[in-house]
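> Make a model of the complete structure from these sequences and hints.
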Amino acid sequence: MPVRRHTDPIQVELIWDAIRSANAARQTPDLTRITKYIQTVGNYSPTLIEGFVKNALKDKLILTTGKKQEGGIPSYKIVDQELPELDGKDWYCFECHLAGDVVSCARCFRVFHTACVPRVRRQFETEKQLNCESREHVLANEKAMAANHLGESKPSMAGEDKSTVQYVESLCFLCNLSNVDFSCGMNKEEINYMLKFVLHRIRAWLPNTITHTMAQEDRPEWLTDTELTWRANQLFFEHRDMSVMEVKINTQTYTTFSEFLADVYSVQHNVAIFHSVESQEYGAAELMVRDAHHDINEMKMCIDCYKHSNEKLNAKWFCLPCRVPHKLVWAKQKGYPYWPAKVIKETATHCDVRFFGGKYERALLVKTLIKPIVVSKNSLQIKPSAAFNKAYEELQLHQAILKDPKELEKLLAQSKSPRQPKQNKSLLNLSNSSNPSTPQQKRKVGRPKSNTSAVASVGKRKASTSTVTTGVEEKRSKQAEEETVKPTDSPQISGNVIDISDAEEEDGQEYSFRDAMLMQTSPNLDEACPQVTSSTETFGKQLSPRQETDMHVLDQPYSDSVEKMRRRLEQLPNKAEIIKCAMECMQTEIDRITKEHNDHLKSLFESHNQQISETKKKQWCYNCEQDAIYHCCWNTAYCSQSCQQQHWQAEHKKVCRRKR
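Letter by letter, the sequence shown follows residues 1 to 660 in full-length UniProt numbering.
Keep in mind that the hints were calculated from the coordinates and are not lab data.
Treat the hints with care, since some could be wrong.
Said to hold, decoys possible - Straight line, CA to CA, 30 Å or less: simulated DSS-like cross-link-like pairs of lysine-lysine: (1) K332 with K367; (2) K390 with K371; (3) K575 with K618; (4) K377 with K410; (5) K580 with K618; (6) K654 with K618; (7) K383 with K334; (8) K602 with K575; (9) K36 with K77; (10) K367 with K377; (11) K89 with K248.
Stated by the list, open to error - Here are the in silico distance ranges between beta carbons for each label pair: (12) K390 with K89: 55 to 61 Å; (13) K89 with A24: 31 to 37 Å; (14) R121 with T368: 35 to 41 Å; (15) Q587 with P2: 53 to 59 Å; (16) L380 with E589: 50 to 56 Å; (17) T47 with L86: 31 to 37 Å; (18) V244 with A215: 19 to 25 Å; (19) T256 with T47: 46 to 52 Å.
Ideal placement from N, C-alpha and C gives every residue a C-beta, glycine not left out.
This is how it looks when you write it as C-alpha cells:
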C-alpha cells in the first residue's frame with residue numbers, strides 16, 4: 001500500500017503556522033522555534049515535532065532555505081507552489097481523514113485505510129437495510145393500490161431489488177453506497193428540486209466558507225483569506241462547499257441521491273482535514289451528514305410526503321394525497337383520546353403515525369393502540385373539543401379529496417404559486433386511486449438512524465484540548481389559514497402527506513391543539529407520552545417590499561421606548577436598515593434594563609445587609625424566638641413572663657447561671 005502523504009493535515013498546518021509566525025516576528029524559522037511554537041498550542045514532544053518536520057519535507061509541503069545558521073542548524077520555508085502535484089487520487093483517508101498507508105478506490109479519487117473498512121462496512125449494511133425497507137414500503141403500498149385498480153398499469157417506483165448487493169472492498173464507502181441507491185423512480189429534474197430542501201436545511205450547520213471557524217476569534221495578521229485559500233489548495237483534493245452544491249442543484253447535475261451524499265461527505269472530509277476531528281466545525285459537519293441522511297431516507301419512504309411538508313403550497317397541505325398510499329387510523333397516545341392519524345411506517349408490533357391537526361405530531365405506538373379509520377368515532381367515546389374538531393375536519397377533507405378529484409382542484413386553486421418541477425405523475429391523476437381495500441403488507445421498518453454520532457466538541461483548530469458546546473439550528477415559521485369541509489365517508493387507505501424533517505417547527509403562532517386538549521382533560525400532565533415529536537420543515541415566506549417595512553398594529557398601546565423605535569423604523573426605506581436600526585434600539589434597551597437591574601440588585605443587597613445588621617443587634621426570646629425584653633442570664637432572654645416560666649420549668653432551671 002502506498003503512502004501518499006506522511007504527515008497528517010493538522011500537523012502540517014501547525015508547522016505552517018510556526019513558520020509564518022517566525023517570519024512575521026522577523027526570526028529564522030528553525031527547528032527550535034518551530035518546536036517552541038507547536039508546544040504552545042499542542043501537547044507534543046520535541047522528538048515528535050521533529051518527525052512532523054521531516055515528514056512535511058518528504059511531502060514537499062515545506063522546504064529548507066539552503067541557508068544554515070551558525071552551528072549548521074537548518075531553517076525552513078513554505079513551498080511557493082499554487083497547487084500540489086495531482087495524480088488523480090486524494091492524499092488522506094476519506095474515513096479517518098489522516099495520512100498513512102492507503103488503498104485507492106477502483107472507481108473514484110478517494111482513498112482509505114484497510115483498518116477503516118470494517119467500520120464503513122457496518123455503515124454500508126445499515127444504509128442498505130434502510131434502502132431495502134423503503135423499497136418494501138413502496139412495493140407494499142403499490143400492491144394495495146393495484147388491488148383497487150385492476151387492469152390499470154402504472155410504472156413501479158420501487159426499482160430493482162438490491163438486497164443481495166455485497167460490500168466491495170476495492171471500492172470506497174460512497175461507491176458502494178451508490179450500488180444500493182434507491183431513487184424512488186424520480187427523474188433528474190425532480191431529484192434536484194427535492195435536494196434544494198435538504199440543502200436549505202443542512203447549510204446552516206457550517207460557515208459559508210468552510211476554511212473559516214464557527215466561533216468569531218482573532219486571527220494573526222499573516223493568516224489572511226488568501227493564506228487560507230492557499231492552504232485549502234494544498235490539502236483539499238476536491239473542493240466542495242455549500243455554494244458548489246447549490247450550483248450543481250441549480251444546474252440539475254445530480255442524478256441520484258448518492259451523488260448528493262458524496263458531496264456532503266466531501267464537505268465533512270474537507271472540514272476534518274482543515275479543522276481536525278476534534279474541532280467544533282467537525283462536530284457540526286457530522287450533524288450536517290446526519291440530517292442529510294435522515295432527510296433522504298425519509299424522502300425515500302414517501303417522496304410526496306416530504307415535498308408537500310416542505311412546499312406548504314396551501315394551509316391544508318397535510319390533506320393533499322400522494323402517489324404512495326398510506327393507511328388512515330385512529331391512534332391513541334397516553335393521555336389523549338383516540339385521534340385521526342396517518343400511518344407512516346409499520347412493523348409487526350408498532351406503527352409510526354402522524355396525527356391530524358395542530359402541529360401534526362408524530363408518535364411510535366404499539367398496534368394495540370391503533371384502530372382502523374372505519375371504526376365509528378362514537379364507539380371510541382371521544383370527548384368533543386375544538387382541537388379534535390379541527391383534526392377531524394382535516395381528515396374529512398383528506399377523504400373528500402381521495403374520493404373526488406374536483407376537491408383537489410379547489411384546494412390547489414387556493415394554493416400559492418407552485419415551485420414544482422415536472423413530475424412523473426400528477427396529483428390529480430393520483431387522487432383517482434382512492435381507498436384500496438387490501439391492507440398494507442407488513443414490513444420491518446424503523447425511524448432512520450444517523451450514520452454518524454452527533455459530536456459537538458469545541459476548540460480552536462490547532463488546540464489539543466477543547467470544550468463541548470452545542471449547535472443551534474435556525475428555525476423559521478409562517479402563519480397558516482384554516483378551512484372546514486363537509487363530512488365524507490372514510491376510506492381505509494389514504495394518500496399520506498406528512499412532514500418529515502426533524503429539527504423543524506410548524507406555524508410559529510399556532511399551539512398544539514392536542515396539548516391544549518390534554519391540559520383541559522388530564523390533571524396529570526406527566527401522563528403525556530414523551531415520544532411525540534413535532535417535525536415540520538418550514539421555509540421562510542418571501543415578503544414583498546411593502547410587507548417587509550409595514551409595522552404590525554397592536555391592540556394595546558406601545559411603551560415609550562417601543563413607540564420611539566417604531567417611528568424610527570417606519571422612516572427607513574429597506575429591510576437591511578430596518579434590521580440594523582432594530583438591533584441598535586434593542587441593544588440600547590438591553591443596556592438600560594441591565595443598568596436598572598444592577599441598580600436594583602445593589603439596593604437590595606444594601607437593604608439586606610442593613611436588615612441583617614439590625615437583626616444581629618437584637619435579643620430574642622429563648623422560648624418563642626420573638627423580640628426579648630426580659631434578660632435572665634448570659635445567653636437567655638424572654639419576651640414575657642409566661643415564656644420565662646414555661647422555659648424555666650421545662651429545662652432552664654437546671655442550667656441557669658444567674659446568681660440567686
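> None of the hints should be skipped; say for each whether it holds.
Here is how each hint holds up against the structure:
1. K332 with K367: holds, 10 Å
2. K390 with K371: Answer holds: K390 to K371 is near 20 Å, not above 30 Å.
3. K575 with K618: Distance ~64 Å between K575 and K618 Cα, so the pair is violated.
4. K377 with K410: holds, 28 Å
5. K580 with K618: Violated: K580 and K618 sit about 57 Å apart, past 30 Å.
6. K654 with K618: Given pair K654, K618 holds - Cα atoms ~25 Å apart, limit 30 Å.
7. K383 with K334: Within the cut-off at roughly 15 Å; holds.
8. K602 with K575: Violated, at roughly 40 Å.
9. K36 with K77: holds, 16 Å
10. K367 with K377: With a Cα-Cα distance of about 18 Å, the restraint between K367 and K377 holds, given a limit of 30 Å.
11. K89 with K248: holds, 22 Å
12. K390 with K89: 55 to 61 Å: holds, 59 Å
13. K89 with A24: 31 to 37 Å: holds, 35 Å
14. R121 with T368: 35 to 41 Å: Since the Cβ atoms of R121 and T368 sit about 38 Å apart, the hinted range of 35 to 41 Å holds.
15. Q587 with P2: 53 to 59 Å: Holds: the Cβ-Cβ distance is about 57 Å, inside 53 to 59 Å.
16. L380 with E589: 50 to 56 Å: Given range 50 to 56 Å: holds, Cβ gap about 52 Å.
17. T47 with L86: 31 to 37 Å: Holds - the Cβ-Cβ distance for T47 and L86, about 33 Å, lies within 31 to 37 Å.
18. V244 with A215: 19 to 25 Å: holds, 24 Å
19. T256 with T47: 46 to 52 Å: holds, 48 Å
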